[in-house]
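Got two chains here, each in a separate frame; can you build the complex from them with the hints?
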Amino acid sequence: MKYTFKVYRFNPETDDAPRYQTYEVDCEEGWTVLDALNYIKWYLDGSVSYRRSCRHEICGSCAVMMNGKNGLLCNTQVKDLGSKTITIEPLKGFPVLKDLIVDMDLFIERLKAVNPFFESSEPPTDREYYQSPEDRAIIDDAVNCILCGSCTGSCPSFWYNPDYLGPAALFKAFRFVYDSRDTAAAERLELVDDHNGLWRCHTIFNCMECCPKNLNITEGIQYLKRLAFMRKI
Amino acid sequence: MGYRWHTGSVAWILHRLSGVALTFYLVLHIWVIHHIGQGPEAFNAIMAKVQTPLFKFLELGLLGTVLYHSFNGFRILLFDFGIGIRQQKQIFWGTVVVGLLVFAVSGYGMLSHILH
Ligand code: SF4
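Here the protein sequences line up with chains A and B, keeping their order.
For the first sequence, this note's numbering assigns the number 1 to the initial residue and increments by one for each residue that follows.
For the second sequence, this note's numbering assigns the number 1001 to the initial residue and increments by one for each residue that follows.
Chain B with its partners taken away, still in its complex shape (with noise of 0.2 Å):
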């Protein structure tokens, strides 16, 4: 049997998951802004990659990723500070209605320009 895992364990391994996940996401964006070395036609042909309906709900997840690892760096700089440990799961609780509010807000105001 494994160990069993717990809300402290839960946001620790997604904490993980998202910092390596925007680690590849910032590679990514690196390769695509380098193009503006290359003149504006080399520019203008990956922009246009990247604006395809496909990237932009993958916008939607970047959002989701960010905003996570965001809201629980912000739990864990609590911590730094010798605040709430003993309330991390209320806490871990807390950033995560605040971030799925935030998300709600600003992930419909991207979903409406995708449609339009």
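The following block holds chain A by itself, in its conformation from the complex (with noise of 0.2 Å):
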């Protein structure tokens, strides 16, 4: 069947404005929409840049936009999107380096900014940290986080300040945060209750929206304003 990708392009090197470039492509049954972009690449224009690696959901580097929604070039299928004309963009709310392609710097460095790694303080054994079924299970979505950056790059209030922390990092916070295994809760906690960390998270859903792995993002943030918030009275 025969669809059309308007692909964003713009090399900020040597353009002045980006511009969408069309092309025809037939797609077969069950191609996604990055079968069809290495298809533009390999065989109508090799210019044009994007990321992936992976292509099957796990390594998360090709999340863009697609008619105005957020998500995996792999695991969206052409046919999916219900539409003829397939406009690919950018994630907004970064730089574009080159066409499909954001600079992600800033999206680590909020990642970065809420310690996610496991801290304990208790003193290593020759055994591995027990976690019962139970407690695994309250963060059962948040370890599922692959760092596309989808919801982070859907998210308004992140558009429009990018100081703030943004759905992904905050959803790690909540990660190990709610680890029953993590003793380093209170510092965590300290890091994202701020104006530009949890209380800059409106509930506006974007991110639950769009995310590629259908986690509970919101959850997550809302656990941890209430886990501050407790904490203060």
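Hints are computed from structural coordinates only; laboratory data are not their basis.
Only a predicted model underlies this, so the values are computations on that prediction, with no experimental measurement involved.
For each residue, glycine too, the CB sits at the ideal point set by N, CA and C.
One or more hints might be untrue.
Selected chain A positions facing chain B (Cβ under 10 Å, derived; list incomplete) [what the hints assert, rightly or not]:
#: 1; residue: Asp16
#: 2; residue: Tyr20
#: 3; residue: Gln21
#: 4; residue: Asn70
Here you go:
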């Protein structure tokens, strides 16, 4: 079936302004948008630039905006977008390096700001740190985040204020604060209890609408808000 | 292309707009009420102005704005208690339906008062 792909093109080093280039692609049944973009790059125009790596929804590198909604190129089927013309653009809120490739430094910096690693004050033993299945269930969603950036790039609070930590970083903070084995919850809560942290989330739900892993991001953020509030009263 | 609107983002932007509108209303309200300090004549004069049919119809708009802002505010409160986050869309449409019912009932009362 024939589809028209309108691809965002911009090279900040040579172009004054971004433009859209149109390609006609005859897509086979079951093609993902990544398959179509690969076809464009390999057979029609080798200069189109985008990131991709694993092509099965685990590396998180191919997040872009398709028909006005963020998601992964590799797990979005062309026919599921429901239109004959498909517009592909880079994630909003990040500087464009070339075409669909954005600079993710900001994203990584915000992530680092919440100490996204396991911390325990208990001395290591020769066994693993025990966690009950019930305790693990609390963070089941959060450990599945692949850090693709779809959520942060879909958040109006982030677009208008890049100092905001964004949903991905806050969700990562939730992942460790609510990890029964982690002992640095108080410090981490301190890092996110800020007007550019938790309190800039206005429950707009764009993040959950587009998360390719269908994770309950807002719930994690709301739990943190409650904890931050409770420790003050 | 802009980012696509979803139920959650529409609910949010309407909440903002209704909040701003209510702030303006509050200023107007205080301004009207402050005339009471200038004696009965001044107060009656301003009251006569805001009881014209135009203001009566604007009051219907005020009712709608207050209803939306409070019902959606209630929806947001639920999220603060960690309730219904996965069901935010259904809760939104639920509050719209209940809000419209309340609007219809109280709006009918106000309208019949205006028309008589
Ligand atoms: S929470 Fe979802 S959208 Fe956000 S970075 Fe993780 S996988 Fe991507």
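So, going through the hints one by one against the coordinates:
no., hint, result
1, Asp16, "violated (20 Å)"
2, Tyr20, "holds (9 Å)"
3, Gln21, "violated (14 Å)"
4, Asn70, "holds (8 Å)"
Violated hints for the displayed structure, listed by number in ascending order: 1, 3.
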